[in-house]
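Participant: Sequence:
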Amino acid sequence: MSFKTYDLKKLALLLVMGLVALSSFGGNNPELSEEISEGMNIDLSTVELNEYEEDFVEVTFRVINGQIKIQGLKATQYELKRLVVKKLITMRIKSDYEAGKIYRCRFTFEKV
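Just so you know, the sequence shown maps onto residues 403 to 514 in the working numbering.
Be aware that a few hints might be false.
Heads up, simulated SDA-like pairs for lysine to any residue below, C-alpha to C-alpha not over 20 Å straight-line [claimed, not checked]:
{"#": "1", "residue 1": "Lys489", "residue 2": "Thr510"}
{"#": "2", "residue 1": "Lys483", "residue 2": "Thr510"}
{"#": "3", "residue 1": "Lys483", "residue 2": "Met493"}
{"#": "4", "residue 1": "Lys503", "residue 2": "Ile466"}
{"#": "5", "residue 1": "Lys489", "residue 2": "Thr448"}
{"#": "6", "residue 1": "Lys471", "residue 2": "Glu500"}
{"#": "7", "residue 1": "Lys488", "residue 2": "Glu460"}
{"#": "8", "residue 1": "Lys503", "residue 2": "Leu434"}
{"#": "9", "residue 1": "Lys489", "residue 2": "Gly468"}
{"#": "10", "residue 1": "Lys488", "residue 2": "Glu440"}
{"#": "11", "residue 1": "Lys489", "residue 2": "Ser435"}
{"#": "12", "residue 1": "Lys476", "residue 2": "Lys488"}
{"#": "13", "residue 1": "Lys489", "residue 2": "Tyr505"}
{"#": "14", "residue 1": "Lys496", "residue 2": "Ile466"}
{"#": "15", "residue 1": "Lys483", "residue 2": "Asn443"}
{"#": "16", "residue 1": "Lys476", "residue 2": "Thr510"}
{"#": "17", "residue 1": "Lys476", "residue 2": "Leu446"}
{"#": "18", "residue 1": "Lys471", "residue 2": "Ile495"}
{"#": "19", "residue 1": "Lys476", "residue 2": "Val487"}
{"#": "20", "residue 1": "Lys496", "residue 2": "Glu437"}
{"#": "21", "residue 1": "Lys489", "residue 2": "Glu460"}
{"#": "22", "residue 1": "Lys471", "residue 2": "Ile504"}
{"#": "23", "residue 1": "Lys503", "residue 2": "Pro432"}
{"#": "24", "residue 1": "Lys496", "residue 2": "Ile472"}
{"#": "25", "residue 1": "Lys471", "residue 2": "Leu434"}
{"#": "26", "residue 1": "Lys483", "residue 2": "Glu440"}
{"#": "27", "residue 1": "Lys476", "residue 2": "Glu455"}
{"#": "28", "residue 1": "Lys471", "residue 2": "Ala501"}
{"#": "29", "residue 1": "Lys489", "residue 2": "Gln469"}
{"#": "30", "residue 1": "Lys483", "residue 2": "Glu456"}
{"#": "31", "residue 1": "Lys471", "residue 2": "Leu482"}
{"#": "32", "residue 1": "Lys489", "residue 2": "Glu450"}
{"#": "33", "residue 1": "Lys483", "residue 2": "Leu451"}
{"#": "34", "residue 1": "Lys488", "residue 2": "Leu434"}
{"#": "35", "residue 1": "Lys496", "residue 2": "Glu433"}
{"#": "36", "residue 1": "Lys476", "residue 2": "Ser435"}
{"#": "37", "residue 1": "Lys483", "residue 2": "Glu512"}
{"#": "38", "residue 1": "Lys471", "residue 2": "Gly502"}
By construction, these hints were calculated from the structure, which means they are not laboratory data.
Construct the entire structure; sequences and hints are all you get.
Facilitator: As C-alpha coordinates, this is what we get:
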(Lines of atoms letter the chains of each structure in order from A and count residues from 1; the text may use other names and numbers.)
(Lines give C-alpha, C1' and ligand atoms only; values in the text may rest on other atoms or scores of the structure.)
Protein backbone atom coordinates (compact mmCIF):
# COMPACT_ATOMS: atom_id res chain seq x y z
CA MET A 1 0.00 0.00 0.00
CA SER A 2 1.48 3.33 -0.98
CA PHE A 3 1.60 6.36 1.30
CA LYS A 4 -0.95 8.24 -0.83
CA THR A 5 -3.42 5.34 -0.82
CA TYR A 6 -3.15 5.07 2.97
CA ASP A 7 -3.84 8.79 3.44
CA LEU A 8 -6.86 8.69 1.14
CA LYS A 9 -8.37 5.74 3.00
CA LYS A 10 -7.80 7.49 6.33
CA LEU A 11 -9.40 10.67 4.98
CA ALA A 12 -12.38 8.73 3.64
CA LEU A 13 -12.94 7.11 7.05
CA LEU A 14 -12.79 10.50 8.75
CA LEU A 15 -15.30 11.94 6.29
CA VAL A 16 -17.71 9.05 6.82
CA MET A 17 -17.37 9.55 10.58
CA GLY A 18 -18.16 13.26 10.26
CA LEU A 19 -21.22 12.71 8.12
CA VAL A 20 -22.62 10.08 10.43
CA ALA A 21 -22.08 12.23 13.51
CA LEU A 22 -23.93 15.11 11.87
CA SER A 23 -27.05 13.06 11.26
CA SER A 24 -27.01 11.04 14.46
CA PHE A 25 -29.01 13.51 16.54
CA GLY A 26 -31.87 13.53 14.06
CA GLY A 27 -34.13 16.49 14.74
CA ASN A 28 -33.40 16.66 18.47
CA ASN A 29 -30.75 19.38 18.45
CA PRO A 30 -29.13 20.25 15.12
CA GLU A 31 -26.91 22.96 16.68
CA LEU A 32 -25.34 20.54 19.15
CA SER A 33 -25.03 17.91 16.44
CA GLU A 34 -23.13 20.35 14.23
CA GLU A 35 -20.88 21.46 17.07
CA ILE A 36 -19.93 17.86 17.90
CA SER A 37 -19.54 16.92 14.26
CA GLU A 38 -17.08 19.76 13.67
CA GLY A 39 -14.92 18.60 16.57
CA MET A 40 -14.86 14.88 15.73
CA ASN A 41 -11.54 14.53 13.94
CA ILE A 42 -10.46 11.04 14.87
CA ASP A 43 -7.50 9.14 13.46
CA LEU A 44 -8.91 5.72 12.61
CA SER A 45 -5.72 4.36 11.07
CA THR A 46 -5.15 1.98 14.01
CA VAL A 47 -8.68 0.53 13.94
CA GLU A 48 -9.62 -2.56 11.93
CA LEU A 49 -13.28 -2.10 11.04
CA ASN A 50 -15.57 -5.06 10.54
CA GLU A 51 -16.05 -5.76 6.87
CA TYR A 52 -19.47 -7.41 7.18
CA GLU A 53 -21.21 -5.70 10.09
CA GLU A 54 -21.58 -2.08 11.14
CA ASP A 55 -19.21 -0.84 13.83
CA PHE A 56 -20.66 1.80 16.13
CA VAL A 57 -20.30 3.76 19.33
CA GLU A 58 -23.49 4.90 21.04
CA VAL A 59 -23.13 7.56 23.71
CA THR A 60 -25.62 9.12 26.10
CA PHE A 61 -24.45 12.32 27.72
CA ARG A 62 -25.26 15.66 29.28
CA VAL A 63 -23.67 19.03 28.51
CA ILE A 64 -22.65 20.76 31.75
CA ASN A 65 -20.70 24.04 31.74
CA GLY A 66 -19.56 23.48 28.17
CA GLN A 67 -18.28 19.96 28.80
CA ILE A 68 -19.68 16.63 27.72
CA LYS A 69 -20.41 14.37 30.69
CA ILE A 70 -20.87 10.81 29.48
CA GLN A 71 -23.72 8.90 31.11
CA GLY A 72 -23.56 5.64 29.15
CA LEU A 73 -21.71 3.86 26.37
CA LYS A 74 -22.25 0.98 24.02
CA ALA A 75 -19.74 0.02 21.34
CA THR A 76 -18.81 -2.82 19.03
CA GLN A 77 -15.07 -2.30 19.59
CA TYR A 78 -13.05 -1.17 22.57
CA GLU A 79 -10.67 0.92 20.41
CA LEU A 80 -13.51 2.83 18.73
CA LYS A 81 -15.08 3.50 22.13
CA ARG A 82 -11.76 4.72 23.52
CA LEU A 83 -11.17 7.11 20.59
CA VAL A 84 -14.69 8.57 20.64
CA VAL A 85 -14.71 9.02 24.43
CA LYS A 86 -11.27 10.63 24.40
CA LYS A 87 -12.45 13.16 21.81
CA LEU A 88 -15.82 13.87 23.46
CA ILE A 89 -14.46 14.50 26.97
CA THR A 90 -11.87 16.97 25.69
CA MET A 91 -14.36 18.95 23.58
CA ARG A 92 -15.57 22.36 24.71
CA ILE A 93 -19.17 23.04 23.72
CA LYS A 94 -19.61 26.74 22.92
CA SER A 95 -23.37 27.06 23.16
CA ASP A 96 -25.47 26.71 26.30
CA TYR A 97 -27.63 23.61 26.55
CA GLU A 98 -29.94 22.35 29.27
CA ALA A 99 -27.71 20.71 31.90
CA GLY A 100 -30.43 18.27 32.90
CA LYS A 101 -31.22 17.07 29.41
CA ILE A 102 -29.73 13.77 28.27
CA TYR A 103 -28.62 13.53 24.65
CA ARG A 104 -27.97 10.38 22.67
CA CYS A 105 -25.64 10.04 19.74
CA ARG A 106 -24.74 7.03 17.62
CA PHE A 107 -21.53 7.15 15.59
CA THR A 108 -21.36 4.49 12.91
CA PHE A 109 -18.21 3.48 11.07
CA GLU A 110 -17.79 1.60 7.84
CA LYS A 111 -14.99 0.52 5.60
CA VAL A 112 -14.74 2.59 2.45
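Participant: Run every hint past the structure and note whether it holds.
Facilitator: Hints versus structure:
1. Lys489 x Thr510: holds, 15 Å
2. Lys483 x Thr510: holds, 11 Å
3. Lys483 x Met493: holds, 16 Å
4. Lys503 x Ile466: Within the cut-off at roughly 10 Å; holds.
5. Lys489 x Thr448: At roughly 15 Å apart (the allowed maximum being 20 Å), threonine 448 and lysine 489 satisfy the hint.
6. Lys471 x Glu500: Roughly 13 Å between the alpha carbons, so the hint for lysine 471 and glutamate 500 holds.
7. Lys488 x Glu460: OK: lysine 488 and glutamate 460 at ~14 Å, within 20 Å.
8. Lys503 x Leu434: holds, 12 Å
9. Lys489 x Gly468: holds, 14 Å
10. Lys488 x Glu440: holds, 15 Å
11. Lys489 x Ser435: The hint holds at about 14 Å.
12. Lys476 x Lys488: holds, 15 Å
13. Lys489 x Tyr505: Holds, at roughly 16 Å.
14. Lys496 x Ile466: This hinted pair holds, its Cα atoms lying about 11 Å apart.
15. Lys483 x Asn443: holds, 14 Å
16. Lys476 x Thr510: holds, 12 Å
17. Lys476 x Leu446: holds, 18 Å
18. Lys471 x Ile495: Given pair lysine 471, isoleucine 495 holds - Cα atoms ~11 Å apart, limit 20 Å.
19. Lys476 x Val487: Distance of about 11 Å is within 20 Å: holds.
20. Lys496 x Glu437: Distance ~8 Å between lysine 496 and glutamate 437 Cα, so the pair holds.
21. Lys489 x Glu460: holds, 14 Å
22. Lys471 x Ile504: Holds, because 10 Å separates the two Cα atoms, which is no more than 20 Å.
23. Lys503 x Pro432: OK: lysine 503 and proline 432 at ~15 Å, within 20 Å.
24. Lys496 x Ile472: It holds: about 17 Å lies between the C-alpha atoms, which stays within 20 Å.
25. Lys471 x Leu434: holds, 14 Å
26. Lys483 x Glu440: Roughly 18 Å between the alpha carbons, so the hint for lysine 483 and glutamate 440 holds.
27. Lys476 x Glu455: Holds: lysine 476 and glutamate 455 sit about 15 Å apart, inside 20 Å.
28. Lys471 x Ala501: Cα-Cα ~10 Å, so holds.
29. Lys489 x Gln469: holds, 11 Å
30. Lys483 x Glu456: Answer holds: lysine 483 to glutamate 456 is near 14 Å, not above 20 Å.
31. Lys471 x Leu482: holds, 18 Å
32. Lys489 x Glu450: Holds, at roughly 19 Å.
33. Lys483 x Leu451: holds, 13 Å
34. Lys488 x Leu434: Answer holds: lysine 488 to leucine 434 is near 18 Å, not above 20 Å.
35. Lys496 x Glu433: Roughly 10 Å between the alpha carbons, so the hint for lysine 496 and glutamate 433 holds.
36. Lys476 x Ser435: Holds - the C-alpha atoms of serine 435 and lysine 476 are around 19 Å apart, at most 20 Å.
37. Lys483 x Glu512: Within the cut-off at roughly 15 Å; holds.
38. Lys471 x Gly502: holds, 11 Å
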